[in-house]
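All chains should be built: construct the whole structure from the sequences, respecting the hints.
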Amino acid sequence: MKADRSGEQDRAYLRMGGAVRRAPVHVVHDLPHLVVESIFGIDDGLWAELEAGRHAAAAHAATARDPKRKKAGRIVSGAAEGVPASRWLTAGHRRAKVLTNAVANRFGDGLDTPAGVRERVARSGDRSAAERLSGLDDATIAEAIVGVADLLHRWAALPPGEVLRLSWPLPHELQGDHA
Numbered sequence: 001m002k003a004d005r006s007g008e009q010d011r012a013y014l015r016m017g018g019a020v021r022r023a024p025v026h027v028v029h030d031l032p033h034l035v036v037e038s039i040f041g042i043d044d045g046l047w048a049e050l051e052a053g054r055h056a057a058a059a060h061a062a063t064a065r066d067p068k069r070k071k072a073g074r075i076v077s078g079a080a081e082g083v084p085a086s087r088w089l090t091a092g093h094r095r096a097k098v099l100t101n102a103v104a105n106r107f108g109d110g111l112d113t114p115a116g117v118r119e120r121v122a123r124s125g126d127r128s129a130a131e132r133l134s135g136l137d138d139a140t141i142a143e144a145i146v147g148v149a150d151l152l153h154r155w156a157a158l159p160p161g162e163v164l165r166l167s168w169p170l171p172h173e174l175q176g177d178h179a
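Under our numbering, the first residue of the sequence shown is numbered 1, with each subsequent residue one higher.
These aren't lab readings, by the way, just hints derived from the structure by calculation. The beta carbon of each residue, even a glycine, is placed where N, CA and C say it ideally should be. Mixed in with the good hints there might be a few duds.
Claimed, not checked - FRET-style restraints, in silico, Cβ to Cβ: (1) ASP137 x GLY18: 13 to 23 angstroms; (2) VAL28 x ARG165: 14 to 24 angstroms; (3) ALA91 x VAL163: 30 to 40 angstroms; (4) GLU162 x ARG106: 32 to 42 angstroms; (5) PRO159 x SER128: 38 to 48 angstroms; (6) GLU162 x ARG127: 13 to 23 angstroms; (7) GLN9 x HIS153: 17 to 27 angstroms; (8) ALA139 x PRO171: 13 to 23 angstroms; (9) ARG123 x VAL20: 38 to 48 angstroms; (10) GLY7 x THR113: 31 to 41 angstroms; (11) ARG106 x LEU158: 12 to 22 angstroms; (12) GLU8 x ALA139: 32 to 42 angstroms; (13) PRO171 x VAL20: 12 to 22 angstroms; (14) ARG5 x ALA157: 31 to 41 angstroms.
This is how it looks when you write it as structure tokens:
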């Protein structure tokens, strides 16, 4: 649900079995994860952790973000307070983060193309992310680039107080330019 009052936080809910619970999602960062993890078949990244309830730090991340620390890539929550994300993220979550950041390219680091994504991952030095990417063709990477842009555009266009219903993993028709 998109916040409808100034200072209010966006809210996300996950359906697990018959139950629905609030999920700790920071929309601008975590919706790209949803797309990339769905398209790349990542089953041990952020969204799998949220669904399984396994990642204690992620369970507090959305409501614990401190804008002053945002630039440092840190969150303020319990054990993770002041600790770089690289020290508390699981290996799967770290790999998913490298891949998502390379696809989303929020800082305009090179071209938004499969070659640009491959270059950003190579520069990251993360061997497991590079290995995952090496098994993907350019069309799949391009689908993720389009899917991230599309989902963020859909979120931005959503009126305050409205709901964007998504699931993990995203169904194929919502993964790229099919939405």
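Tested hints:
no., hint, verdict
1, ASP137 x GLY18: 13 to 23 angstroms, "38 angstroms, violated"
2, VAL28 x ARG165: 14 to 24 angstroms, "18 angstroms, holds"
3, ALA91 x VAL163: 30 to 40 angstroms, "33 angstroms, holds"
4, GLU162 x ARG106: 32 to 42 angstroms, "24 angstroms, violated"
5, PRO159 x SER128: 38 to 48 angstroms, "40 angstroms, holds"
6, GLU162 x ARG127: 13 to 23 angstroms, "41 angstroms, violated"
7, GLN9 x HIS153: 17 to 27 angstroms, "21 angstroms, holds"
8, ALA139 x PRO171: 13 to 23 angstroms, "18 angstroms, holds"
9, ARG123 x VAL20: 38 to 48 angstroms, "40 angstroms, holds"
10, GLY7 x THR113: 31 to 41 angstroms, "38 angstroms, holds"
11, ARG106 x LEU158: 12 to 22 angstroms, "19 angstroms, holds"
12, GLU8 x ALA139: 32 to 42 angstroms, "39 angstroms, holds"
13, PRO171 x VAL20: 12 to 22 angstroms, "18 angstroms, holds"
14, ARG5 x ALA157: 31 to 41 angstroms, "19 angstroms, violated"
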